[in-house]
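Engineer: If you want the building blocks of each chain, they are given just below.
Number of protein chains: 2
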Amino acid sequence: MSLPSKSQPRVVIESITPSVDQGRFAVKRIAGDDVAVEADVFADGHDAVCARLLHRSASDPAWRSTPMTALGNDRFAAGFVVVELGLYEYTLEAWVDSIASWRRGLIVKHSAGQDVAVDLLHGAELVRATAARAVAARADESVVRRLDQWATELAAADSSIAQRVDRARSDELLELAQRYPDPEQVLRREPPLTVRVDRPRARYSSWYELFPRSTATSPGAHGTLADCAERLADIAAMGFDVVYLPPIHPIGTTNRKGRNGATRAAPSDPGSPWAIGGDTGGHKAIHPSLGTLADLKRLMARAAELGLEVALDLAYQCSPDHPYVREHPEWFSRRADGSIQYAENPPKKYEDIYPFDFDTPAWHELWTELASVVDYWMDAGVRIFRVDNPHTKPLAFWEWLIARVKQRSPEVIFLAEAFTRPKVMYRLAKLGFTQSYTYFAWRNTGPEITGYFQELGRPPISDFFRANLWPNTPDILTEHLQHGGPAAFAARLVLAATLGASYGIYGPPFERMEHEPREPGSEEYRDSEKYQIRTWGPDPAGTLVELVTRVNRIRREHPALQDDRGLAFHRLDNETLLAYSKSTPDRANTILTVVNLDPHDTQSGWTDLDLTALGLAADQPFEVHDLLTDARYPWRGARNFVRLAPQRPAHILEVSR
Amino acid sequence: MSLPSKSQPRVVIESITPSVDQGRFAVKRIAGDDVAVEADVFADGHDAVCARLLHRSASDPAWRSTPMTALGNDRFAAGFVVVELGLYEYTLEAWVDSIASWRRGLIVKHSAGQDVAVDLLHGAELVRATAARAVAARADESVVRRLDQWATELAAADSSIAQRVDRARSDELLELAQRYPDPEQVLRREPPLTVRVDRPRARYSSWYELFPRSTATSPGAHGTLADCAERLADIAAMGFDVVYLPPIHPIGTTNRKGRNGATRAAPSDPGSPWAIGGDTGGHKAIHPSLGTLADLKRLMARAAELGLEVALDLAYQCSPDHPYVREHPEWFSRRADGSIQYAENPPKKYEDIYPFDFDTPAWHELWTELASVVDYWMDAGVRIFRVDNPHTKPLAFWEWLIARVKQRSPEVIFLAEAFTRPKVMYRLAKLGFTQSYTYFAWRNTGPEITGYFQELGRPPISDFFRANLWPNTPDILTEHLQHGGPAAFAARLVLAATLGASYGIYGPPFERMEHEPREPGSEEYRDSEKYQIRTWGPDPAGTLVELVTRVNRIRREHPALQDDRGLAFHRLDNETLLAYSKSTPDRANTILTVVNLDPHDTQSGWTDLDLTALGLAADQPFEVHDLLTDARYPWRGARNFVRLAPQRPAHILEVSR
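Chains as they are written, first to last, in numbering that gives the first Met the number 0: chain A, 0 to 656; chain P, 0 to 656.
Errors might be hidden in some of the hints.
You can't tell identical chains apart in this list, so a pair holds if it fits in one copy or across any two.
Restricting the straight-line Cα-Cα distance to at most 27 Å, the calculated cross-link-like pairs of lysine-lysine (DSS-like) are [unchecked claim]: (1) Lys283 - Lys422; (2) Lys348 - Lys108; (3) Lys108 - Lys347; (4) Lys422 - Lys348; (5) Lys296 - Lys283.
Everything labelled a hint here was simulated from the structure, so no lab data went into it. Only a predicted model underlies this, so the values are computations on that prediction, with no experimental measurement involved.
Generate coordinates for the entire structure from the input sequences, incorporating the hints supplied.
Structural biologist: Next comes the structure, spelled out in structure tokens:
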């Protein structure tokens with residue numbers, strides 16, 4: 000076996016955090032975050048090692064360098080703050096630090112009364128070599144001068160040994176020397192790791208979904224984007240910041256689905272907005288009954304005035320009447336009889352929808368065209384996309400598309416609507432989706448919720464997966480909501496809004512606590528808006544609007560709820576009650592939420608609070624302030640009594656220390 | 000952003016196990032082991048995916064392929080048996096399985112009463128394309144014929160739909176087709192991962208260390224290799240299989256250490272065997288007082304007759320009198336005054352030893368010469384090396400050296416004597432050391448032992464780190480042994496020999512329970528053999544020889560103790576008692592050991608056995624047979640009473656079901 004081609008640096012770098020699949024994917028952060036980097040750094044022998052963190056933003060190719068601090072057990076740490084949106088890179092350099100090693104030995108020997116005259120000369124040699132490297136690195140002249148002088152002082156025969164050892168103790172000069180290690184001994188981790196920096200709304204957002212065609216003022220009429228704009232003030236007043244509209248494009252007529260998903264539509268049935276494309280256009284067109292591009296822009300302008308942002312749906316599929324089908328039949332699969340393959344999930348057939356064949360020989364043209372759809376709506380001002388079923392399109396397509404979009408506009412947010420197997424959901428998040436729907440809707444018991452959110456909260460998952468919690472969607476009316484009555488709606492709202500920094504509701508049916516399924520055992524809504532116009536009109540009495548408004552205000556006023564880091568669960572002696580807290584990193588704001596998961600009965604119990612997570616000392620008295628009711632309770636230590644009736648199934652408690 | 004250069008396979012492979020640092024280092028196994036490989040394999044959408052494990056030995060470049068089985072949740076598994084010593088490679092291939100996907104849909108639709116005529120034609124197309132690929136892959140003609148016929152049957156207009164669907168159900172034909180996926184859709188994990196296959200002694204070994212110079216029959220005389228050979232029968236009778244000799248080379252006289260490590264040696268002091276090199280040679284010479292190469296070969300031949308193997312010490316350092324110092328001064332560092340740098344760990348100085356400068360400009364020559372030292376002793380027949388302080392030499396040196404040796408002779412075993420920080424110890428094991436010393440000597444309480452061995456037993460650590468447990472060494476007389484009396488020696492022996500499939504004792508002082516330190520607070524032996532000759536002579540009464548013999552026989556007769564996999568700890572209501580079990584993978588042999596960790600008092604308590612780990616049902620009666628005393632106890636369920644006095648501080652219980 001031949002020798003290694005060159006002498007390798009003696010140092011080893013291992014186990015860098017944060018890291019997603021060893022740097023294959025970017026870590027996600029928000030502008031302003033501190034990226035705390037750690038790594039194991041060590042070498043053979045007893046010499047000191049030195050490590051520095053290198054980091055740079057995509058816009059500035061010059062690396063910035065931060066010395067790393069030893070945490071003990073060969074672990075080193077440093078951090079950097081990400082400021083600009085887009086990609087940052089970071090990596091580590093490490094080396095055996097001959098000057099620090101020498102100095103440590105010198106001081107020990109001198110303290111033990113040993114002769115260190117030769118050691119001082121050795122140190123002077125090391126420092127002189129460092130000064131030479133500083134020259135080669137075009138260091139400031141004053142730096143070179145200081146290093147040269149240090150070497151001279153260490154070697155100075157006319158000073159006492161004690162004086163010279165004292166000079167060796169200079170931390171300032173050691174740190175100066177550490178900037179110029181021997182390049183041959185420096186190991187750099189290649190390739191660098193990456194951070195994707197998003198805007199704050201990627202982490203903290205409150206979504207409201209509504210069908211614009213249901214916003215008309217006269218019952219049964221096809222609502223317009225202009226009608227929808229009229230609804231925005233109410234939505235903003237409830238405290239939401241993202242309004243998400245299902246597809247607004249023309250809808251096909253061939254094999255159009257009727258009310259409640261009937262295979263044959265009545266002539267007046269409007270069809271599913273997800274059956275995109277008709278006579279009047281496809282993914283870049285607006286349904287004529289909704290209005291025009293100008294109407295959309297007016298809607299968005301009105302939203303902006305109210306502090307709302309409009310999210311559009313990105314559903315890459317076609318009705319049989321989509322212009323693509325006629326113009327680019329090569330973009331679709333064919334059945335053995337020559338017909339185009341419709342969507343299916345056997346035995347279910349979706350004959351009103353044709354999926355694209357992403358593997359078509361013409362995939363270059365297809366992918367480019369699909370990307371141009373995003374460009375089109377971005378040109379119109381859209382910066383948030385909810386992506387329909389991304390898990391049924393190639394993962395490589397999304398990785399390419401999202402990188403392409405974010406290179407142009409790093410502020411764009413993509414929410415992945417993938418309700419599929421865990422590993423596929425995680426992969427979509429890794430490859431670039433900004434936020435992800437979750438299994439939250441089906442996690443109802445304490446252990447289910449605790450286990451799931453502890454999993455999401457642990458690195459590396461917490462470094463790439465940002466949960467967006469929805470208690471309902473047009474496709475998901477859970478059994479729990481069907482049977483739990485108003486208490487279930489209230490509890491699920493509080494859970495979504497306090498467990499998740501990002502959450503959303505499919506608004507009108509949720510506010511009104513609609514709970515009738517299409518048929519027993521189904522999660523579809525009866526008379527679903529997917530297939531018919533529902534003119535909701537003004538909110539009747541007894542809706543959840545007041546609770547929603549209050550919860551969103553609590554979220555706005557309490558930064559602990561605007562971040563999923565710092566989530567901790569607390570034990571109770573009654574499993575039907577769930578308690579968890581969120582704190583800001585500086586512990587300035589701490590919110591403890593307690594929810595009664597039983598929608599039918601009053602539940603009470605004693606907490607066993609994790610006082611460390613709350614920043615409280617054992618037996619310390621503190622006050623909790625229920626932000627829902629404004630009640631205040633004096634508590635002390637871990638054990639406190641809680642009682643929640645179905646009429647008011649949650650406490651959102653601000654903890655005062 | 001440009002499009003990806005070609006359409007990528009849709010499938011993803013993640014989280015392969017076993018894997019050490021993502022394949023950077025080899026996984027360790029023993030010839031005959033089954034390597035159980037698992038991975039996450041998935042793709043977008045609902046199609047079936049297929050995965051196969053590829054594996055090959057270094058001696059046969061042809062890949063062998065094993066289909067992987069779906070375990071659920073996108074996890075797939077397969078295994079292969081390693082037979083030859085040396086390196087194996089393994090990797091995965093995976094792809095979206097269009098035929099399995101088609102077949103699944105076909106069957107569901109047919110069962111739902113849907114028309115599948117077009118689907119059958121589609122399947123026939125897929126199978127025909129597969130047949131064409133089989134032709135391209137030079138498959139056996141009969142295979143191509145069977146695939147073609149399958150396609151014809153699926154498409155056969157003269158058969159009924161039911162008959163054709165029935166043909167589609169053939170698992171045999173599906174498996175045949177799965178051998179010929181579309182190469183463009185196949186993802187292979189590159190580069191492959193590696194397995195280092197060692198001989199069984201790498202996993203299961205019982206070591207005995209003795210200084211050959213202390214084996215003379217007349218007290219005070221310098222023992223010889225011939226004297227040492229006379230001792231072997233006793234060592235074999237005790238049941239050991241490796242005899243490890245500290246360095247047998249000439250010893251320097253310059254700055255030689257005296258008795259008890261005195262800075263100045265008396266003229267009669269023999270010096271430390273680790274101060275290697277003198278007038279009569281260096282690392283390839285034998286100390287003249289010990290004998291000749293012929294004597295060593297006779298010793299090894301005698302050992303082989305007795306089923307023993309001789310391990311030599313590999314200590315890469317020189318006395319000032321080593322020929323290398325004269326012939327290759329460029330291989331050593333110089334102090335600022337021109338003298339050669341001796342070993343030091345400030346404030347300690349080891350002036351009888353010069354370390355090599357592994358980074359010397361002449362490192363090529365140095366490394367090559369050091370490797371030739373191993374070659375030399377291998378030529379003499381040595382196949383086990385205990386490596387002295389590997390952590391003070393560059394990690395890259397060891398990685399190169401061990402790979403080089405094992406390429407020539409994969410049966411060679413290297414034991415790393417690195418008592419240093421955990422990450423450095425693990426790195427040495429990763430880069431190639433076959434076995435490693437551990438912190439066992441200093442782990443005395445139940446939680447300490449449990450925590451440490453649970454850590455060592457978990458992948459990936461268990462995939463690369465093979466512990467060798469030593470209760471004592473010439474450098475380590477622990478405080479516990481100094482003060483614990485005979486009960487401490489007996490308990491530590493049982494712990495080492497039953498926790499570790501590999502263990503060793505520094506024999507003569509351990510048998511005689513020597514426990515006097517050089518000075519209070521020291522872990523050095525008083526009158527240590529490192530610095531003087533100790534003529535142990537025949538074993539006096541009251542030694543541990545009988546216990547050692549019995550424990551080693553138990554190890555030989557019980558395969559559960561020959562492997563560190565299958566270690567499980569059991570709870571007791573008395574923390575001073577420690578219980579753990581080992582089982583063979585087939586559970587044919589299970590040994591439960593209970594040790595009283597208190598050397599001074601009798602301890603008793605009730606077990607809370609992990610019945611799953613023992614393969615027992617709740618409340619099942621079973622018998623435990625104490626292999627130390629031959630007593631048998633009827634036990635039942637998890638809760639059983641145990642009482643151990645210092646006179647007999649352990650049970651080694653065989654569990655009979």
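Engineer: Can you give the numbers of the hints that this structure goes against, from lowest to highest?
Structural biologist: 1
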